[in-house]
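Protein chains in written order, with our numbering: chain Z, 1 to 496; chain X, 1 to 421.
It is possible that part of the hints are untrue.
Claimed, not checked - Part of the chain X face toward chain Z, derived, beta carbon under 10 Å:
(1) S11
(2) D13
(3) T109
(4) P111
(5) V114
(6) H132
(7) T154
(8) M156
(9) L162
(10) D257
(11) V266
(12) R273
(13) G276
(14) K385
Claimed, not checked - Sample of chain X residues lacking proximity to chain Z, with all beta carbon distances greater than 12 Å (derived):
(15) M4
(16) P216
(17) V226
Claimed, not checked - Selected chain Z positions facing chain X (in silico; Cβ < 7 Å):
(18) P304
(19) P305
(20) V309
(21) M387
(22) P390
(23) I397
(24) N400
(25) K405
(26) Q450
(27) P470
(28) L475
(29) G483
(30) V487
(31) A489
These aren't lab readings, by the way, just hints derived from the structure by calculation.
For glycine and all other residues, C-beta sits at the position ideal for the given N, C-alpha and C.
As a plain string of letters, each chain reads:
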Amino acid sequence: MKTKVAIIGAGISGASIARVLSKYENLEVHLIEKAPDVGWGVSKANTALIHGGYDDDPDKYPTRAKLCIRGNRLWHRWVKELQIAHVWNGALIVATQEEDFDTLEKLLERGRRNGVPEMRIVDRDELFHLEPGLTRDAIGALWVPIVGQIAPIPAVIALVENAVANGVKTHLETEVRGIKVENGEVKGVETNNGFIEADIVINAAGLYADEIARMAGIDYFEIHPRRGEYWIFDDDVPGPRRVLFPTPTPVSKGIVVTTEISGHLMIGPNAQDLPPEEKDNLATTKEGLEQVWEGAKKLWPNLPPRSKVIRTFAGLRPEPTGGDFIIKAEEEVWGFINVAGIRSPGLTSAPAIAYEVRDIIQRDLGINLVEKEKWNPYRKEITHFFMLPPEKANELIKKNPAYGKIVCRCNNVSEGDILEAIERMKFIGVKTPSVDSVKFRTKATTGTCQGSFCRPRIVQLLAREYGVEPWKITLKGRGSEIGIGDVKALLRGDEA
Amino acid sequence: MEPMPQIPMLSYDVVVIGGGPAGMAAAAKAKELGLNVLLLDENDYLGGILPQCIHPGFGIHYFKEELTGPEFASRLAKHLVELGVEYKTSARVLEIKNYSDLEKVVIFTSPTGVYQVWAKAVIYAAGARERHAFEIGIVGDRVSGIYTAGEAQTLMDIYGVLPGKEVVIVGSGDVGLIMARRFALEGAKVKAVIELMPYPGGLARNVMILRDFNIPLYLSHKVVEVRGKGRVQGVKVVKVDENLNEIPGSEFWIEADTLVISAGLVPSVKKLRKIGVEIDPATGGPVVNDRLETSVPGIFVAGNALLINDLVDYVAEQGELAAESAREFIEKGGIESRKWVKVEKGQNVRLIAPHYLSGDRDVYLYLRVSRPMEDVEIRIPEVGKRLRLPVVKPAEMRRLKLKAEEIQKAGEKLTVEVVKA
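Extracted from the complex, chain X is given alone in its bound form (with noise of 0.2 Å):
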């Protein structure tokens, strides 16, 4: 394949799309093993979401203590810059081609020009995007007091503007549940959250921000209008039942000028499904092998592009596994295996990653049940290995560790499933 003349080349062994936790994190580990690495991000600073994440919670099994984003994120870039990665920031990748397993083309654009970088494996780590307004089916006017979680939150911790000082929203994940606070704590009126579902969808430490604050949680209920002149004025929730179908008579409404959706995020893989990257849709982000491997060799995929994590630790866990196999990768010119071993969902599992197996190294599961339920073991049948837990809930990435030796014992798929102890 021949280089494109009119565009300047730039040559390196990997190349990591996206400065967040997984990106950095890769990046670095790259260069600590020797890589030629250059990383791209296209915001104007490192550190993805983080940055405007200015809670605590972050880096505890990490860093072993505990931090805010913004300080998780410049750890990790100021490590980045001791050890002397290449970066660049305001730069966005337009583009990926894969001639051949060693032979991959990233163009980019940023403000010294476009680019092409020619490296023989790609860690991506391009991160998520939230689902908004009109994918929830919310239908109604179009006013101004609408934004997703992650929109009000750059507004308020990036830009210092505050969006509006009645708010309603939409999802008790744990982005909804951090804005709640985070409003409230600027002297808003939080006036409800509104889930769909019949539990929370945060983790416990973040539900507690509802009592804190004296925020009324409607679980079991969803917002499906908005009415407003300009500006919202105030949604129409209704109460589903069991089934997520809205039950007729039931609808209220609640007058509010800011309506705020955090209705789960997409793991962003446009780039990738382009260049025929196998996509799962329970992830929503590639099928990956243990070594975090898309089906396209030599594409290596990290943190929130993988699958949606509930702690950064795991991200920037995921992006140093990216790096190490991407080295592996370059230096025996592809991953090899004696067989993978194809990773199920049983019972109660809505999603797992990775999805195949080598049996020749340790591995991370992480996996999400479809519901709550206590007193379990998440069990591999195949394997014989058992773990008993109080409680899941699909709100909690759950981690697995599996050792070689312990998927060795699997034929050709293992089967994870979560029951009843």
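Chain Z on its own, in the form it takes in the complex (with noise of 0.2 Å):
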């Protein structure tokens, strides 16, 4: 008899969830998630940040403490398994005044106490070697080699394209509406697609943790919004090598300046709490926007124009009643875990989540877990033709002419790119076809001209992939069509 495990929410969290347990041969793991693909909560918009774990205040945050520099040592491990672009640049915290030095030293004591390897504090001749193009009004720095970045979307879909790869079933546009629980024992989960039984059922469902966990009648916490906002400039603007910090307060680690994992100078976030009805909104602000603006010139007083912007988004962080993260196996309800409150570092910590988890429910729950004698570790990435040398272009142009028609011009994504986007959106369940599916696994519309000249060839491309007229295909889900019908369908009055 297998155990049967939801897992709600596929974020980076349910993800690395699901990839851990996908291990196991007598669980048999559900992802249930109800956006049309996965990694588009939470984890869709953040710093992308891999921390490196002497931020955490482990008696205030041990959760958060621990799991970050253990997370941090596990993505080591599995950006490699899991062919997940990334760049272990390391950061630096910048002082810019004589007492910063004082939270820069607390800082590195701190990193010490949480186990945080090889950090030293600068002086302001060695930090402008490691950063050149920093203020002048630098004058030392906390550096922390460990530190890096990865791209958090297709992060997400390579556990998930992994965890499906090793048995794990998925259940997309799944919204969840109820926790049966009888006897104190967790029973399964309702929801728009009908019932799915589970003897254990795990909630990480990011911003909507709170409203999972009142659903098996937990309550003694809340999950509120706090809003985020960031400019990505266009990858002929020069940014930073390292990952540049100003030296946090008390309420914030600031506003970052960095170059992206695609070569973008990013800048942001600042933080702005939201009441918590509004855990779906995304909107940028003037105000938020000129924040940013202002606390990334005092690091890099080298912005470029406001030409050069080629996007600005914002994301959200699910704060939680106390600060720290939430896992545990809840006493009241046999089955039911809470991986609640994933805030910041909740990307760095969600290997370290995914095994915690794990042992809870050895730990816990009594549960015996049985190895699988043939588990796969390893998922290739997608073909990017940016990457690829011409000689190996030409192997794979001589086998399939599509991956020689530059779709995305901006950065070069081929035409055989995005038709194996469309495979992958498949093989893990997408059933909306989407733009956005197609751009955070190839990085088209990506680029300088933000999909003005592609997206009209990639509806094109997704409409013949997935059987539908091309007005029917959609930016993001359901409700965001890219057309209401045919050029005609006005005039004859039959709009769809």
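Reassemble the complex: the two chains are provided individually, in unrelated frames, and hints are given to aid placement.
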């Protein structure tokens, strides 16, 4: 008999848990997600950092402090197994005033307690050697070489692909409406697509984790959204080589200046607490963006002209009551495990969270986990034409001419890349074709022109491969269709 | 310089990058001049943006009759085929390398493979891109229903998809106005055209569209925010003062399901910048001499990659000039000149090209003014040139012919100014 596990939420936490649990012979794992694709919640929009683990106070936030550094170490292995784009470029926490060194000393001490290796405080000379473009006001910094960056949604996609390859079942566009509990034991989840039986329910629902917990009768915490806004610049704008933080204040790690994984200068985030009912408010604001601009300028004075902006966006962090991650098997409901309040450094901690959940299942729920004889830890990254040397490209084009045809001209994404992305969407169960699903897998539409050239062509490819009319293709799921019908629909009076 | 052994190698006198009107005109002319030429275009079809411009208004100067975009494109394409010009479609240039004056390499990919083309000269006619919503500072919800004008046009006129039914258009330039008409003709309600400047941005004949279709035009206004869930539901508009600053309290909302951004074009010059081609911040295109040669010898540029043109006829004319120049360059091993006269911007000149004149040939200067003015003279004091015009508008590119003898009268520079007559 297999133990049935339902994981609610296919974000970085849920996907990591699914992958880790897919190792065990005696588990049947179901990953449930209300969005049309994976990684579209909290995981979608953040600073994409693999943090160093020096920031979280082990007295105040013991779970965060422990899991961040453990997660960082695990990511070093996972990015290789799963072929996730990454860079280990290190971070500088920059001091601009003498008092800042007190804070940096504190961080250094905290980092040592948390087990962070190789940290040290660097003086002005070394600082400018590490990062010549920094503000001239900088007088020193804490140097944390283990900090890195990954692309968060591609990471979720990689985890889910690997989990599915190892037997995990996905339920996308499946919204949880209730948790069935009988005699203090969890029995399954009610969804818009019917009942999913489960012996263990893992609540990794991000911003909605409090609502899901309440469905199981657990109401000791609340999640409120904290919004952060970002700017991204064209890839011909020079950015820093390291991740740059200001010296943190008691409330914030501050506005980061970094060159993100695909080579674009990125600045952000600010922090704005939103009321609990605004869990889907991803709107950018003029005020917020200006705040980020001013903050970033303090570290990186050579911000490019506004004409070099290619995108602004906002992300939401789920801020829990108490501030620490809530990762535990709830005693009142046997089989219900909360993985809630996974705010920063959640992306970093995700692999460690997954092993923590595995341990909880064994230790607290007393389920003896049996490893599969054959479990595949590897997943192959999608083909990116822009990364291929010409001779490799020619081999591929010989087999399939679509790899020679560029669709996204800003990023050199080929039709072959896009067709592969569509295949992989189908592999993990994406039912509603969307441009964003292609975007997150291929980088198409993320360049200088932001998709104005290639989006219509991607729509055509999606329409063909999914066998639907092009106007029914969505930008990001139902309700965001690209058109309302064929070009004569209104004149005929039969608009779609 | 050694060829890269792992990539198939082709060899031509000149490679033309871009199969729009500038590139097609350049390739045809190059062939007529006896050059061995290869034309590359990334689309599945030749014509660049023209095949989706299904309205008339093209070719009055070049073909002496009024054509639609597809007609104009097909005439050029037919001519190309008759001449036997070699071309590849679905061919995207990945990189341009400049090894020496007469050794360029263009690397491109296509459904038959990645190739390197060695050429003595390159004519770059890759056109422009449109500015998008993020670039003009629009904030708010991330929703479907926001398109650049060209994207909406591609959807409607290439793929037959109607984007939406209640439309707000940002920008009263020609493309925005033409799309206003296009939407209206398909039964959509165009609720407003929002223009930042105090005057319309398009040619007079296109501004007429607003009256024809009863579409409100808001001058000195901007769209600052988009709201919606999944799809655009409304846009926030605000009035701006003469310094383009938002006027507090002037905000209002327009309900719409579609926002079309027509906020101007930017020459696509990234690949040129990479090989050190000097860019003019005013035009956004390369700094060129009167042969349309960039600061890298043997790299010529034409069309919207040079500067944003408002008539396709000028674009084709630039393509032909670039081809003539390429032949001269190849024959003589370089473009020579007795002296370069620098063209400087005087009063009310926003941009002008070419930037350097030799004085050994007649030239066309292309210029745009900064602000509209009535009863003006375009003057070049150094050479005593005056051209009287009833009106100038930023929307209309002015083309000014200068004779070689006139240029020769100038010293090191000549200044073009637009002043009250």
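The hints, checked one at a time:
1. S11: Constraint on S11 (chain X) not satisfied, violated at 17 Å.
2. D13: This interface hint is violated because 23 Å lies over the 10 Å limit.
3. T109: holds, 5 Å
4. P111: holds, 4 Å
5. V114: Result: holds, 4 Å to nearest chain Z Cβ.
6. H132: This hint holds: H132 (chain X) lies near chain Z, its Cβ roughly 5 Å from the closest one there, short of 10 Å.
7. T154: holds, 5 Å
8. M156: Holds, because the Cβ-Cβ distance from M156 (chain X) to chain Z comes to roughly 5 Å (cut-off 10 Å).
9. L162: Constraint on L162 (chain X) satisfied, holds at 5 Å.
10. D257: With a minimum Cβ separation of about 8 Å from chain Z (threshold 10 Å), the hint on D257 (chain X) holds.
11. V266: holds, 8 Å
12. R273: This hint holds: R273 (chain X) lies near chain Z, its Cβ roughly 7 Å from the closest one there, short of 10 Å.
13. G276: With Cβ-Cβ at 13 Å, over 10 Å, it is violated.
14. K385: violated, 34 Å
15. M4: violated, 7 Å
16. P216: Non-interface label stands for P216 (chain X): nearest chain Z Cβ at 20 Å, farther than 12 Å.
17. V226: Given a closest Cβ separation of 9 Å, the condition is violated.
18. P304: violated, 12 Å
19. P305: At about 10 Å, which exceeds the 7 Å cut-off, the nearest Cβ of chain X leaves the hint on P305 (chain Z) violated.
20. V309: holds, 6 Å
21. M387: M387 (chain Z) check fails; min Cβ-Cβ to chain X is 12 Å, beyond 7 Å.
22. P390: holds, 4 Å
23. I397: holds, 5 Å
24. N400: violated, 9 Å
25. K405: holds, 5 Å
26. Q450: OK, holds: Q450 (chain Z) within 7 Å of chain X, min 5 Å.
27. P470: Cβ of P470 (chain Z) sits 5 Å from chain X, so the hint holds.
28. L475: Status holds, d = 4 Å.
29. G483: holds, 4 Å
30. V487: Check passed: Cβ of V487 (chain Z) comes within 5 Å of chain X, closer than 7 Å.
31. A489: This hint holds: A489 (chain Z) lies near chain X, its Cβ roughly 5 Å from the closest one there, short of 7 Å.
Checked against the numbered hints above, the structure breaks hints 1, 2, 13, 14, 15, 17, 18, 19, 21 and 24 and satisfies the rest.
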